[in-house]
Amino acid sequence: MNTHRRIHCLLALVACGFCLIAALAATGQSSPAATGPSHAQSAASTTSSAGEKVFMANCARCHTPPMTLSPRVTGTVVAHMRVRARLSREDERLLLQYLAP
Amino acid sequence: MNRAMNILSIPRRVRKSFPAFSRLPLGLWPMFFCVLAATTQCYAQDDSAQKTSAGYVPVISGAFAYIQNATGGAQTLTPQIVPVLLVPMGHSLLIESRVEFTGFFQREDGTSGRYAGKVFKTIDYAQLDWLANTHATAVVGRYILPFGLYSERLAPVWIRNLQDTPLTYSIGTHPDGAGNGFMLRGVAASTASHTIQYSAYMSAHNSITQLPAMRVAGGDTSIFFPAGHVEAGLSYQRSLEGYQINNEAAYLSWQPQRASVDLKAEYDRNHYGDGYWIEAAHSPQQFFVAPDFFRHFQLVGRMEQLFTRNGGGNGLPRVNEQRPEVGLNYQIRDDWRLESNYGRLFSANGNTNIWNFGFTYRFVWPLWPGRKS
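For the record, the sequence lines run as chains A and B. Each residue of the first sequence is one higher than the one before, starting from 469 at the first, in the working numbering. Each residue of the second sequence is one higher than the one before, starting from 438 at the first, in the working numbering.
Simulated from the structure, these hints should not be mistaken for laboratory data. Don't take every hint at face value.
Said to hold, decoys possible - Taking CB as the label site, the calculated pair distances span:
hint	chain 1	residue 1	chain 2	residue 2	range
1	B	Asn747	A	Pro569	54 to 64 Å
2	A	Pro569	B	Thr508	29 to 39 Å
3	A	Pro569	B	Tyr767	25 to 35 Å
Even glycine gets a Cβ: it sits at the ideal position worked out from N, Cα and C.
Looking at chain A on its own, in the form it has when it is part of the complex:
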């Protein structure tokens, strides 16, 4: 049993080391913050609106930026994401101005 525990601890250390190495290796690159498709990444480097900051801080935490949204569905989709991501009303307003100005 002790041997099993030691193996588990060793595997846990290996996992932590793996993630640390991955983080350090990637920190050397001067790239945008989140993983995701290129158009949203390039947009992130050219504008710095508050809505974009909200987008990159909250939406990109869980998933890659979505495809281009039609303005007619943007209100519905952002309301849905406000519930899912527990966003504030102010964050919702900024996201709407960013995605459907």
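For this one, chain A is given, so just place chain B on it according to the hints.
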């Protein structure tokens, strides 16, 4: 008086389907409605601030997916359709529902013979949301249990980086990852330096095939630091039927600002076992050769371990298991993604290799004509 009490009481049919509702403490109902009523005025004040071209038409969103899995040499074909229906009613009410149609087709003799199987239908959630004010959203219906990082946020097939769910997934989500009842959620405090989010819920027991749920109560809270893109959270859930066990989770999410790396980790524990998973995903944004091609790749690694307690079970394996996995995904377009991953399961029941290949297609379609520009 008796008639008034009858109007306020829960209909017999609802009591029959959801027996736990009839046992809710009476004090909870007025408290719940008072919280909702108190938020109405706040909503009316800041609704006028929304002046954009955004439309609020009904939407059907979701994904198609096809995953081919090989576990220990046995092939499984898994086509999946996951529609998400969103119907807004004004700016403060939203009906949303997600249904999964998942096919499991395997060879009749394990590794030989023709493929046979069936399609499973699952209602992940079907809920009415009241976006009351900046601090509170009230949810009634069937909802995803907000437990840990994975179940509510990373589980959708078009979001998850690796197709296999973590070994600890059943902790806090047994039997089906959903609850039937009500929930309050939102932002407790929000400043430039941090945001504190919360969820609190109560679910009733339900044994209907399509809508299984346990009688549970629980909550989740997390703090997010935007400057460092760091989030840390805690979840707690108390099962109120059977053995009345506690489920607990702690999680961490970090996207270093100078790197295209996404780090996530979660630790879960209950009476039947405890374990963790830790995952790192990296997209090379400035590869030295053909950067426009390589930045669509995503390299993923995950390590996880599960330690059983009291014989395991209740959705968890019966023996200790550990599983390292690596994956390589490619984003063809914003809505198309190719996926592949390899893992090895180390278990007292035998070690096995796991392969997954497939694709996901994500869509958002309006269901109603509206403004086009």
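Status of each hint after checking the structure:
1. Asn747(B) <-> Pro569(A): 54 to 64 Å: holds (56 Å)
2. Pro569(A) <-> Thr508(B): 29 to 39 Å: violated (48 Å)
3. Pro569(A) <-> Tyr767(B): 25 to 35 Å: holds (32 Å)
In summary, the one numbered hint that this structure violates is 2.
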